[in-house]
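**Student:** Using the supplied hints, reconstruct the complex from the two chains, each of which is provided in its own coordinate frame.
Listed below are the residues making up each chain.
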Amino acid sequence: MTEKTMEDVYSALADGIDAAGPEKEALFLAKTVLLLANENPDTDRVCELIRSACDNLDGMRSNSTS
Amino acid sequence: MRPAGRAELESLYFTYPQFDAPRDRASLSKEIPVAIAGAGPVGMTAALTLARYGIPSVLLEKKSTFNDGSRAICVARSSYNLFQRLGIEKPFLDKGLPWVSGRSFFRGRQILEFFMADSPDEKYRPMYNLEQQYIEAFLYDAVAKSDLIDMRWQSEVTGVADKADGVTLSIEDPHGTYKLPAQWLLAADGAHSPIRTMRGYRLNGENYEGRYVIADIRLERDCKVERFALFDPDSRPGGTVLIHQQPDNIWRIDYQLRDGEAEKKALQEDAIRAGVAAALSEVGFNEPWELEWWSVYSANTLLLDDYRDGRVFFIGDSAHIVPIFGVRGLNNGFTDAHNIGWKLGYVLNGQADPAILDSYTPERRGATLDVFKNASKSARFMTPHSRGYRVMRDAALSLALDHPFAGEFANPRNMTPYTYAASPLTQRLMLPENGGPVPGAAAPNVQLEDGFLFDRLGPDFTLLAFGEIPGLDLRQRDLGMLTLLQQPAEGPVARAYCAGQGGAYLIRPDLHVAARWPHADGSKIAEFMKQVLAGGARPND
Numbered sequence: 000m001t002e003k004t005m006e007d008v009y010s011a012l013a014d015g016i017d018a019a020g021p022e023k024e025a026l027f028l029a030k031t032v033l034l035l036a037n038e039n040p041d042t043d044r045v046c047e048l049i050r051s052a053c054d055n056l057d058g059m060r061s062n063s064t065s
Numbered sequence: 000m001r002p003a004g005r006a007e008l009e010s011l012y013f014t015y016p017q018f019d020a021p022r023d024r025a026s027l028s029k030e031i032p033v034a035i036a037g038a039g040p041v042g043m044t045a046a047l048t049l050a051r052y053g054i055p056s057v058l059l060e061k062k063s064t065f066n067d068g069s070r071a072i073c074v075a076r077s078s079y080n081l082f083q084r085l086g087i088e089k090p091f092l093d094k095g096l097p098w099v100s101g102r103s104f105f106r107g108r109q110i111l112e113f114f115m116a117d118s119p120d121e122k123y124r125p126m127y128n129l130e131q132q133y134i135e136a137f138l139y140d141a142v143a144k145s146d147l148i149d150m151r152w153q154s155e156v157t158g159v160a161d162k163a164d165g166v167t168l169s170i171e172d173p174h175g176t177y178k179l180p181a182q183w184l185l186a187a188d189g190a191h192s193p194i195r196t197m198r199g200y201r202l203n204g205e206n207y208e209g210r211y212v213i214a215d216i217r218l219e220r221d222c223k224v225e226r227f228a229l230f231d232p233d234s235r236p237g238g239t240v241l242i243h244q245q246p247d248n249i250w251r252i253d254y255q256l257r258d259g260e261a262e263k264k265a266l267q268e269d270a271i272r273a274g275v276a277a278a279l280s281e282v283g284f285n286e287p288w289e290l291e292w293w294s295v296y297s298a299n300t301l302l303l304d305d306y307r308d309g310r311v312f313f314i315g316d317s318a319h320i321v322p323i324f325g326v327r328g329l330n331n332g333f334t335d336a337h338n339i340g341w342k343l344g345y346v347l348n349g350q351a352d353p354a355i356l357d358s359y360t361p362e363r364r365g366a367t368l369d370v371f372k373n374a375s376k377s378a379r380f381m382t383p384h385s386r387g388y389r390v391m392r393d394a395a396l397s398l399a400l401d402h403p404f405a406g407e408f409a410n411p412r413n414m415t416p417y418t419y420a421a422s423p424l425t426q427r428l429m430l431p432e433n434g435g436p437v438p439g440a441a442a443p444n445v446q447l448e449d450g451f452l453f454d455r456l457g458p459d460f461t462l463l464a465f466g467e468i469p470g471l472d473l474r475q476r477d478l479g480m481l482t483l484l485q486q487p488a489e490g491p492v493a494r495a496y497c498a499g500q501g502g503a504y505l506i507r508p509d510l511h512v513a514a515r516w517p518h519a520d521g522s523k524i525a526e527f528m529k530q531v532l533a534g535g536a537r538p539n540d
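Residue numbers (numbering that gives the first Met the number 0), protein chains in the order written: chain A, 0 to 65; chain B, 0 to 540.
Isolated chain B (complex conformation) (with noise of 0.2 Å):
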């Protein structure tokens, strides 16, 4: 909502664009590849992912302009490290704040202060905070610049019927209504997917009791990014309140509703400037500001128990919807997209079989499902739903006045990378553990001598070999698309990966570890690439 006197989309630093119908309607009904429904970030990112692998899309967008509900913030490391992948980083990093802590505050008494994972190793950093509107407004820049993805605003799927080797969807734009058939579909469309209604699907799972109001403002003060969450404030007694920083002095605010507090009534102008107002006091804040955008809120864990039916893929929040505590919903979404999207890049070039697509579910689900794990922790603590966790949140932040172990309790356990351990394209870990990344999690980076390992890692697979791999042949049909990157056995991505000489790792497109050999040889690896391109089998070491 906006304030009185504003209209829907105006806002106090963002423009948005208008974006027109198709206008050429020769070609509109020509067979593509893949189809992606929402292009919202999810689906932008999806669509330069096939575009990576040479793979034409069609995005189709209901509305004709970005997102103004949904207003995601916080992007994380493994975000950017996409985006690297997808070769469109800067923009996010000329623009984005980022950050690496926060401080919590009990009755305006500090009880925590966090740090997320950073070392010089890591080419960006745990955080960015950056307002939904620039993420798909940089997306959209780098959509509109490539020849392969042909966006159609204004243009709404109406229905989706199953073909032989595909879909034929039915879009209906303001000049009228065409088929459109497509081998492919991801469904982008967002928390109310209405492809996830069409195939006759539903979420399944919880929902949380407490309702949170989110308001964006713009006030001028220069201070370090950081994030902070009060608890139980004299301005708002029993209640909490999230405060984030945002590029181009815009500030989100977010505070819980009491119980019983009427939500109509919580939403109106005033009673929202009067919330403002009372955090900014709490945490000292007198600067003037201007009111942009609300909303409110409530915390769910809810997802899909396949995200693929047939033909169709559900990515981002049409397969689940996650709580904000630990920012996971758009950071699991661009993961969704460039997973789906490396792959059925493969599958279309024939480089891979079609079995290599069943990965996607439980990889992508098992994160949701951690995600859940975790944001459900956070989600107890500040919106506890029980008088049990309520006696042990209020236990726990009354001692970490003076017991600094219990303000751990409070800390928000931020995004990070899920290992696929059970996944069928990761090697069944036989080995003892070295120490090093194992098959499924997410590869480390490491700071090089000149740039990072990432920077040099090949646009496909890549094999990181610590000396003289014996056998290794890179004109075999198997490893045809494999980059080799040699390493010396002693170095600093030795040491990070805890490997010695003839050791090797098979890293993922999306970055994520597949097998580990501490004396790798060549057989061995084509045999384990062979297995991962046929996709079903569970490769042995």
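For reference, chain A alone in the conformation it holds in the complex (with noise of 0.2 Å):
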């Protein structure tokens, strides 16, 4: 049924940081959950899910020079 697919969601969610910037990503991203958990009846998972995230909170390294 549904046309839209986790590559989309990537994109989506990139879209929005950038069009948030820098100031506002946090609150579009926390939006974003809330959205989502709101849809989710299983709200325990989506507090396991939340957690899983706080996991290697590390991106790769910076390879700007200045």
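FYI, nobody ran anything at the bench for these hints, they're computed from the structure.
Beta carbons: idealized from backbone N, C-alpha and C, even for Gly.
It is possible that part of the hints are untrue.
[As the list claims (entries may be wrong)] Pairwise CB distance ranges (calculated): (1) E38/A - A6/B: 41 to 49 Å; (2) P40/A - D305/B: 55 to 63 Å; (3) G20/A - H191/B: 43 to 51 Å; (4) D269/B - N37/A: 28 to 36 Å; (5) D7/A - E260/B: 53 to 61 Å; (6) S10/A - G107/B: 29 to 37 Å; (7) M59/A - S280/B: 45 to 53 Å; (8) S63/B - T42/A: 54 to 62 Å; (9) K372/B - N39/A: 47 to 55 Å; (10) Q109/B - T4/A: 54 to 62 Å; (11) T1/A - G107/B: 31 to 39 Å; (12) L34/A - E260/B: 33 to 41 Å; (13) T31/A - G107/B: 22 to 30 Å; (14) I49/A - D93/B: 50 to 58 Å.
[As the list claims (entries may be wrong)] Below, a sample of chain B positions facing chain A; criterion: calculated Cβ distance under 8 Å: (15) I31; (16) D247; (17) Q255; (18) G259; (19) M391; (20) A394; (21) S397; (22) L400; (23) P403; (24) F404.
**Tutor:** Put into structure tokens, the structure is as follows:
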């Protein structure tokens, strides 16, 4: 039924973060999670997933020189 | 604080009476069963509760009139039920402004309308707004009428010494000093309780950062009584504003100070007038207004580790300070006073073992911790203490503009009675859930053809029995004070309590369920009652 893929979710989040900018990105992501959580009846699972997002909070290191 | 040109007690709507210290000095030092330090609303409620059980008390108040500093305004249904137990509800009903709902706004747009639980089964509305001066005046009218209460104004407790079976208080009033021996002392002497300090105790807990100005104004406006909360209004970017209506055309405006906003400057009269005017324009109140009084407030969650110290019990603010959000400060103080009041009444009348008094701390301290849990949720939404909580609050508010579910985060979660599940006086719950109130919970009221269930409860414990209870003999010693209230096994009360033929509930003097039996019999009830009055045991079913 669904036409969107996880790739689309990925780019929607990336576009959203870019559009929000560094000042508002936390707000944007928080709103996103609340909206998704509101449509997921398994709140225990939501909390578990949020906790697992806290693991390994490391991306690639910056390769900028400045 | 009051506007320039008005004296400290010069109110726009309330005349503070002046009370003298006792003139008749002959029997001031006569031993009393219960001394109560502090004749605020909590101390007076304790005295009235004791009087209900025939116990004389002395009320000692340092000041010569009612409180001008502390300003509770929201009185919850549970407190009105308690006033009815004391037979003093009428002036509160006549004067208080009932309300059931409130609205919250974010940047001028409504994001939430909340409704507190209400139904035709409730005799009283969920909340009444009433200025604390009136609360104290109505309680004092009842105190003054009681032959059992010896009210001593301008009388300061300057010392508390333990003695065998009681304490000896040192009292100072304008005419001199004297000693007052008492079997028990209730410390209702407020947030800065001198007795707490004399006994070497201090409140433990947390302070929240947000500071609020609270201001009362007089403004004539005919509208529905509800609570307004404004988040991030144009008049106070980044802050919150709360607005409550009170009797006599008085309005309470609470607004949050900005981080770093100097308190001294913010409390100057012109700054207050500007802050109030901005809040009023935000809600479209264009009527002229007068400034009555203002103060500053910050949220705390502080309490004592033990509400009892030998013969001394701490009640109200001397035992706990809670945030204003959720209106639980004074309402819990009333419950403290009534809780220790009926238990001391039983002990002093020889009807219960003093061990019953040990249930006071777990019940009432438990209630305070429950308040902290709820009030902290409200406080961290109103005044987030970290970036994470600020981001989530902002996320919820901005989502709420288009998604009603997110507005629920702004619900103030107002006062609901606490369930005494872990109290030594509560039946251990071994029965399957039946949908009725669990042991320890507040008993529900029920509308009857003629009045309400609570109107028919006895002065002490009441056995609510559905149909016939085998082996029940109220002449038995352990059941001596029990009022039997028989109800049909099919009817509104049975439905509300999810009870059937032969079922029974035991309701405490403070309207909490002590125990329930799906199939009651006289011996089980008598055994349970005996254990409750013995106090310490945790009775099995």
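**Student:** Decide, hint by hint, whether the structure agrees.
**Tutor:** A quick look at each hint next to the structure:
no.	hint	in the structure
1	E38/A - A6/B: 41 to 49 Å	violated, 60 Å
2	P40/A - D305/B: 55 to 63 Å	violated, 43 Å
3	G20/A - H191/B: 43 to 51 Å	holds, 48 Å
4	D269/B - N37/A: 28 to 36 Å	violated, 45 Å
5	D7/A - E260/B: 53 to 61 Å	violated, 46 Å
6	S10/A - G107/B: 29 to 37 Å	holds, 35 Å
7	M59/A - S280/B: 45 to 53 Å	holds, 51 Å
8	S63/B - T42/A: 54 to 62 Å	holds, 55 Å
9	K372/B - N39/A: 47 to 55 Å	violated, 25 Å
10	Q109/B - T4/A: 54 to 62 Å	violated, 38 Å
11	T1/A - G107/B: 31 to 39 Å	holds, 38 Å
12	L34/A - E260/B: 33 to 41 Å	holds, 34 Å
13	T31/A - G107/B: 22 to 30 Å	holds, 25 Å
14	I49/A - D93/B: 50 to 58 Å	holds, 51 Å
15	I31	violated, 55 Å
16	D247	violated, 42 Å
17	Q255	violated, 20 Å
18	G259	violated, 20 Å
19	M391	holds, 6 Å
20	A394	holds, 4 Å
21	S397	holds, 6 Å
22	L400	violated, 11 Å
23	P403	violated, 10 Å
24	F404	holds, 5 Å
Hint compliance for this structure: hints 1, 2, 4, 5, 9, 10, 15, 16, 17, 18, 22, 23 are not met, and every other hint is.
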